[in-house]
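Start from the sequences and build out the full structure, keeping to the hints where you can.
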Amino acid sequence: MLRITNGKVYDPKNGVNGVVRDVCLDGGKVVASVPAHARVIDASGMVVFPGGVDVHTHVAGAALNFARGLIPEQHRKARPIYHSPQCRAGLAGSTPTTFATGYVYAGMGWTTANEAAVPILSAKHTHEELRDTPIIDKCTCVLMANNEIILDLLENAEFERAKQVTAWQVWAAKAYGVKAVNPGGVAGWKWGKDCKGLDEVVPGYNKVTPRTIIKALADIVDQLALPHPIHIHCNNLGAPGNFTTTLETMKTLEGNRAHMAHLQYHAYGGDDWFTMSSASVPIAEYFNAHPNLTCDAGAVLFGDTVTITADGPWQHLLYELTGKKWGNLDVENETGCGVVPYVYKEKNLVNAIQWAVGLELLLLITDPWRVSLTTDHPNGACFWRYPEIVRLLMDKDFRKEEIKKLPEKVLPRIVLPELDREYTLYEIAIITSAGPARTLGLPQKGHLGIGADADVAIFNERANAMEMFAYPRFVIKAGTVIIEEGELRNSIEGTQFASKPVYDETIEDYLRPLFQQHYTMSFENYPVAEECVHGLEVHQCGACITPT
Amino acid sequence: MLTLTLKSSLTVPLEAECLSPDVLAPLAHVAVRALPVMLGKRQHRLDDHFTVEGDGSDEIELRGDLSKVKWIGRLMTHGRVAITGNAGMHVGAYMKGGTIEVTGNVTDWLGGEMSGGTIHVRGNAGQQLGSAYRGSASGMSGGTIIVGGSAGIEIGMRMKRGLIAVGGPVRDFAGLQMKGGTIVLMSGAELRTGAWMQRGTIISLKPLKLMPTFATAALYNPSFIGLYAKHLARFGFALPTANGGYRRHLGDSSVPGKGEILVWQPTGIA
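Residue numbers (this note's numbering), protein chains in the order written: chain S, 1 to 548; chain R, 1 to 270.
Honestly, the hints are just simulated from the structure, not real lab data. Only a predicted model underlies this, so the values are computations on that prediction, with no experimental measurement involved. From the three backbone atoms N, C-alpha and C, an ideal C-beta is built for every residue, glycine too. Among the hints, erroneous ones may be present.
Listed below are the simulated PhoX-like cross-link pairs for lysine-lysine, each with C-alpha atoms no more than 25 Å apart in a straight line [said to hold, decoys possible]:
#1 S:Lys-196 to S:Lys-251
#2 S:Lys-207 to S:Lys-190
#3 R:Lys-41 to S:Lys-77
#4 S:Lys-77 to R:Lys-96
#5 S:Lys-124 to S:Lys-500
#6 S:Lys-190 to S:Lys-325
#7 R:Lys-68 to R:Lys-7
#8 S:Lys-325 to R:Lys-258
#9 S:Lys-347 to S:Lys-405
#10 S:Lys-324 to S:Lys-347
#11 R:Lys-258 to S:Lys-324
#12 R:Lys-96 to R:Lys-68
Some chain R residues close to chain S (C-beta under 7 Å, calculated; not the full set) [what the hints assert, rightly or not]:
#13 Arg-134
#14 Gly-135
#15 Ser-136
See the structure below:
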């Protein structure tokens, strides 16, 4: 039992904007009151936030491990976390080790994270790693848009069966949502090709196009009543002029709910690397007018990192640009994966535009509930650098100083210098916690109303938002005090959320022979057993909605 | 002058990156004794393993069989470390300046990614002298490594600048993926010398079994050899400049690279 008193509370879901009031916690939940003998945390001069929620990150699984293996030189530079009675040893850096990931997230006041790209074939491994990612609650999105079973069904216009297969696969992977990465493009990469436009036929098929896949998956996710909408990484990521593809994708999704992942990477104008410019204005205008969409920023910060994505063809292009290391994985019939270590440089024209576009989108999108703070960790920057972005959003003078460091020829290509908006603490609480919790469909997260999970972050109120958000005074997860006076005092296991859509179990009779023909793994070994997911909390989806 | 003598031989490696003038020079005797070292996973005090004489100094002498002591002279920028005996892995790693002298043998990763200073080993060395650590794009970027005895595989792997000279025989892959700098092989090397080399110079006084991706060019006496001969003479290495020439081989064309391997050919031998 815990009473947090005298703190300025920011709880946007319940409309609480900087009001000094008590927050009472008991049994891992927020409650109306606690007895007088409960422990009291005096939060005078501090602000009280609901624990942060990361809607799109890459913290576990085969691709991330592949990246970890590829960058020993970055691990040598990484900050070590030493073994202590409270925590296991590990490394921070661009791809923190499993245990370190939990400590570092919690150390910044973030208590929930969505691992946004899991192939079913490596779902077991991912869940094992997530078990070893302590403190934070986790959920996963399963990669679907290049799954050859689904693509074959869409080729033959068997939508209903594709829906049953998707539902079975979501539950088989113990996933929470459905992710579409470069729909059709990754399947095309197996032929050395890609799908840049939405109406290109996917290599290896006669009819199916990225547009068919996007529309079908969005319909499936809506009809299965999954709590999180289709999570889309558009075609043509990173390429100059790709904003038209992004607009087309968003238009295709009219009438559906959809989450546009790392929108920064999909909002570029120009024709090539030399004429590239920001296209955040048309993207934000369309986005603002269409409340069916949510997005996350996928902002970029300058420095060393490693890029990891299922978008194999893009990673090959990035490797050709950097000329350094490149890793490529083929995940049987499901997806692919590419890994390229990367340095974002302030003086590089393209990187400077990317940096600006991330911030522009955060500032141009008017409804903070629909845009979440992310860096597509570790692609744009590591998640532990979020406080730097918070400062850039909250302090326009600081932002203008940073813009001055960019090469001069960037300025006509971006709109950031003209934007004077400054985020308030209330809006920061929305984009870091309340908004992403709503986007993920986690009603118990992202707020401090009665019945919410007792995940609370308490920060010293300071003028420099970066310092303020980098080092919380207290972090409470599920009612346990994790960080106290800036130190890690406890480590607990988190929950793993999974969705269980309603489906017809006879779909297994259809899938079993396909496995014997096409997979290296037997059908019985494929699904992740419930016992393999530690701290599993199942969201039972409502009955399947059939369109009229 | 600070003298440290190993008390008893070690079975488990002792990680002692504090054994560098940059750490030791400002410290008094008591503080030196209390410095932390890692014996396997356990943290010990420096004086658990060494008898310490004198105060901290830029001049450090280490005595005993230190073949299990790692990271001596790590990141040092100045001063002199004299090791009377053997030394372990990573001697002079990331070193930027100063001198390390070893009377005995050393093991692997001598001068790993060093950028300046001089390391002189009178005995034999292990593998990967002056090399890039795993995953790094480049190895040593300056400084000098002199080994009187033999050396193992992959010496100068991905080195960018600087000089490595080895008196005794060297094993496979000398100058692997080399990007610049100079390797002098007084007694030749085994297989695949200069594999994947992009730039840089390997000089061998003994015939080498070269890879087919090296093209043979002129027999000549480049003027820079005289400078190296002068520089190496003080370490007792005699680089010939007369009564023969150096056969130039260009490669490695599989990368493709513009490195060179110069093999000494005395007059009268075709």
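How the hints compare with the structure:
1. Using a Cα cut-off of 25 Å, the hinted pair S:Lys-196 and S:Lys-251 holds, with the two alpha carbons roughly 16 Å apart.
2. Between S:Lys-207 and S:Lys-190, the direct Cα distance comes to roughly 18 Å. Compliance with the 25 Å bound is thereby established for this hinted pair.
3. Distance check on the hinted pair: R:Lys-41 and S:Lys-77 sit about 20 Å apart at the alpha-carbon level, within 25 Å; holds.
4. Our distance criterion of 25 Å between C-alpha atoms is met by S:Lys-77 and R:Lys-96, whose separation comes to about 17 Å.
5. Taking the CA atoms of S:Lys-124 and S:Lys-500, the gap is near 17 Å; set against the 25 Å cutoff, the hint holds.
6. Restraint check for S:Lys-190 and S:Lys-325: satisfied, since their Cα atoms lie roughly 20 Å apart, inside the 25 Å limit.
7. Proposed proximity of R:Lys-68 and R:Lys-7 is supported: the alpha carbons are some 13 Å apart, at most 25 Å.
8. With a CA separation close to 21 Å, the supplied pair S:Lys-325 and R:Lys-258 stays within the 25 Å bound.
9. Restraint check for S:Lys-347 and S:Lys-405: satisfied, since their Cα atoms lie roughly 8 Å apart, inside the 25 Å limit.
10. At roughly 19 Å between alpha-carbon atoms, S:Lys-324 and S:Lys-347 fall within 25 Å of each other, so this suggested pair holds.
11. Of the supplied pair hints, the one linking R:Lys-258 and S:Lys-324 holds, its CA atoms being roughly 19 Å apart against a limit of 25 Å.
12. Of the supplied pair hints, the one linking R:Lys-96 and R:Lys-68 holds, its CA atoms being roughly 23 Å apart against a limit of 25 Å.
13. For R:Arg-134, the interface hint holds, since its Cβ comes within 7 Å of a Cβ in chain S; the closest pair sits about 5 Å apart.
14. A hinted interface residue such as R:Gly-135 counts as satisfied when its beta carbon comes closer than 7 Å to some beta carbon of chain S; here the least separation is about 4 Å, so the hint holds.
15. Taking 7 Å as the C-beta contact cut-off toward chain S, the hint placing R:Ser-136 at the interface holds, the least distance being around 5 Å.
Going through the hint list in order, the structure satisfies each hint without exception.
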